[in-house]
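Participant: Listed below, chain by chain, are the residues.
Protein chains: 2
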Amino acid sequence: MKNKIVAIVGATGAVGQEFIGCIEQRGIPVKGLKLLASGRSAGKTAPFRGQTLTVEELKDDSFDGVDIALFSAGSGISRRYAPIAVKAGAVVVDNSSAFRMDDGVPLVVPEINGHRIADHKGIIANPNCSAITALVPLWPIHQKNPIRRLIISTYQAASGAGAAAMQELLDGTRAFLDGKPFEPKIMPHPYAFNVFSHNTAIDPDTGYNDEETKVMKETRKIFEDETIAISATCIRVPVLRAHSESITFTCDKPISEDEVRALLKSAPGVKIVDDRAGNYFPMPRDASGQGDILVGRIRKDLSDPSGHSISMFVAGDQLLKGAALNAVQIAELL
Amino acid sequence: MKNKIVAIVGATGAVGQEFIGCIEQRGIPVKGLKLLASGRSAGKTAPFRGQTLTVEELKDDSFDGVDIALFSAGSGISRRYAPIAVKAGAVVVDNSSAFRMDDGVPLVVPEINGHRIADHKGIIANPNCSAITALVPLWPIHQKNPIRRLIISTYQAASGAGAAAMQELLDGTRAFLDGKPFEPKIMPHPYAFNVFSHNTAIDPDTGYNDEETKVMKETRKIFEDETIAISATCIRVPVLRAHSESITFTCDKPISEDEVRALLKSAPGVKIVDDRAGNYFPMPRDASGQGDILVGRIRKDLSDPSGHSISMFVAGDQLLKGAALNAVQIAELL
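Quick mapping for you: the protein sequence lines, in order, are chains A and B.
Our numbering numbers the first residue of the first sequence as 418 and each following residue consecutively.
Our numbering numbers the first residue of the second sequence as 418 and each following residue consecutively.
Hints may be right or wrong, so weigh each one.
No copy labels: a pair is met if it fits in one copy or bridges any two.
[What the hints assert, rightly or not] Using 20 angstroms as the maximum straight-line C-alpha spacing, the simulated SDA-like pairs for lysine to any residue come out as follows:
hint, residue 1, residue 2
1, K717, T667
2, K597, R678
3, K717, R566
4, K451, T429
5, K670, P722
6, K634, K717
7, K717, R565
8, K448, D536
9, K717, E643
10, K461, L680
11, K421, I501
12, K597, Q584
13, K717, G624
14, K504, I534
15, K634, D721
16, K448, G724
17, K597, L587
18, K717, A618
Bear in mind the hints are in silico, worked out from the structure with no lab data behind them.
Predicted model, so just to flag it, every value in this text is computed and none were measured.
This is chain A alone, in the form it adopts within the complex (with noise of 0.2 angstroms):
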């Protein structure tokens, strides 16, 4: 990104605010960074680096010049604009869905496979939030001792469905706490103290939501194992910007959990927060504005008695890590 023309698009979202915040603590020395949005944002301004950058509308001619194009505007948008940029000679960093399983698209999470951005054909996708969460612990443990099996329970916060459901959340429990009528309009089902069915359509064949099927699938393309036997349930709980994960797995040899914790205290993104002494374990508000996916309550899967499998809880912030950090990251080893 160095000496780039950098784009955002979705900058009002966000996952956007958090690419601008994520250039400018990094200290990366971008040439310029343009913010994008739909008409109905343009002219909203955004601090940066001490300036102010002004939002333009995105319009087909928004990537002349543009080197590097960040996008979080929704799988539409994407569809629709990323091949404009490729074509005006930007790279594109995806955070839709829109390209992730395509051939062509690498799926990156750095510290897993960053050698895959060289196959790009002007698109890499970034992978779905709860699958990096997920990902990042796994994988040293993948490579020594090969993941065979593959259970995960999210407790997915609001953030992913981006601003207005974070302030659903904030506004419907005030109304709650208040005693007042609230009416959700960004999720299916009141938000506040509940927890509800990740909410994306049900694939009617096999019952599991899109939110499932990509971290499944994403899972499989991002380890290149399409054996891992994967079974995901993806939950809303009333958390702003952070998603937790219980996660079990099975190896193809025996495991200890010394042995996974041996091999996660050196792992790049990853905080082992795991005090049984001080009931000290991941949790969603430590782990929000940190890039860090938080990994605890290492220990047996006490339901395989083969000693092949480990429970763990992981907490990660979901616009981080999750999304804008995972994707500027791409960006910076382009």
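Guided by the hints, dock chain B onto chain A, whose structure is given.
Facilitator: Relative to chain A, chain B alone:
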């Protein structure tokens, strides 16, 4: 309970209040209702069938003339006063964990092993709330096709830690929304918009916390099957009074989601909520205030290609079927 003198120990607590509500709502013609609590709560009143009952201080002679004593005041109180109540001629239904694993004490979920009540020697134990919530829907399946492996991740409400914890969740959330500092006193971590590992001590050998150990041990005792391999991950979510659980189980023989649905359709205490087209599944907001365990997201566990495994998501009122209702159902069978 018909024509019996019933005492409630811990009458001012969250479960104690539900004991009173269950007896009233189920129209059980008790001969008398005696409300007992600590000296601190003595003198408080509670409405019951249009009357106003006054809470008495729990003392050694409180059980004279009492036929049935429903305990929910913590393990310490149960250990001290349950034997006194039994000596005075009462049958104790105890909601604490004090006697659950004792050999001579039946651990009963009426839909599963109501016949075990006959074995009691004065004390019948009410199981852990997370165990009840999982086991009511698993039992009909286990009878038909024995469950060999069980993996549970919970989404537990504040109510399991009592009325003060529920109030702390509300107060902490309001403080968060108002941008004010808030120091939790009941829970070890901030609860507003957060998720944390269950606040019970961790066994240093296994790495499992007490809540998880209860779920694992009690399941085997209630199902009378020491061979089931179980792993539980117990997590608190900011929900007031209903627990949800993501459950994956493996049966002895292959099993289909249609078989599970057929078995659960007529199962007592179970309500199937599994609308894939409408994206409507079990939620704690819906489970709150009702006696049934809601079951949905019933689908093949894709991490087990053998076809022996199913995943599902359940929700049940922690204060009702998870505690007071189950105990009152036991007492009705006496």
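Participant: Return the numbers of the hints above that this structure violates; sort them in rising order.
Facilitator: 2, 8, 10, 16
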